[in-house]
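Using the working numbering, you'd call the opening residue of the sequence shown number 32 and step up by one each time.
Quick caveat, the hints were computed from the structure, so don't treat them as lab data.
It cannot be assumed that every hint is accurate.
[Unchecked claim] Cut-off 25 Å, straight-line C-alpha distance, at most; resulting in silico cross-link-like pairs (DSS-like, lysine-lysine):
{"id": "1", "residue 1": "49", "residue 2": "76"}
{"id": "2", "residue 1": "121", "residue 2": "76"}
{"id": "3", "residue 1": "69", "residue 2": "41"}
{"id": "4", "residue 1": "69", "residue 2": "49"}
{"id": "5", "residue 1": "49", "residue 2": "39"}
{"id": "6", "residue 1": "76", "residue 2": "39"}
Given the structure is predicted, the values throughout are model-derived calculations rather than measurements.
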Amino acid sequence: MNKLTSEKLKSGALAIEKFRALQEREQEWLYELLSVGKSALLALKILDAISACPLSFEEIADECGCNSQTVSQVLNALIEGGTTIQLDAKCAYAPSGRSRKLARR
Numbered sequence: 032m033n034k035l036t037s038e039k040l041k042s043g044a045l046a047i048e049k050f051r052a053l054q055e056r057e058q059e060w061l062y063e064l065l066s067v068g069k070s071a072l073l074a075l076k077i078l079d080a081i082s083a084c085p086l087s088f089e090e091i092a093d094e095c096g097c098n099s100q101t102v103s104q105v106l107n108a109l110i111e112g113g114t115t116i117q118l119d120a121k122c123a124y125a126p127s128g129r130s131r132k133l134a135r136r
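Please model the complete structure; the sequences and the hints are all you need to start from.
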């Protein structure tokens, strides 16, 4: 194991323990999300960015630290997978009843 992987495991050790304490049915859907890996984290960032108002691909890219082509690819993959996103040639919007950031409080 390389040093970076070791450090990631150390920093995530308590979260891993919390995961293990979840009921099996809760773990099942989280396993599916975990299998997507870093792509899921970027997708969540993008969806959070466009949850309040429509943004251009460039604005999303700036907010999420990636390029606009990646934003386009992620959004199209999410749409193909069934995520509700309003998308046109210039902007994307994923309305939600409540922002994930608010839900954490």
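Cross-check of the supplied hints:
no.	hint	in the structure
1	49 with 76	22 Å, holds
2	121 with 76	19 Å, holds
3	69 with 41	18 Å, holds
4	69 with 49	20 Å, holds
5	49 with 39	16 Å, holds
6	76 with 39	20 Å, holds
In summary, the structure agrees with every hint in the numbered list given earlier.
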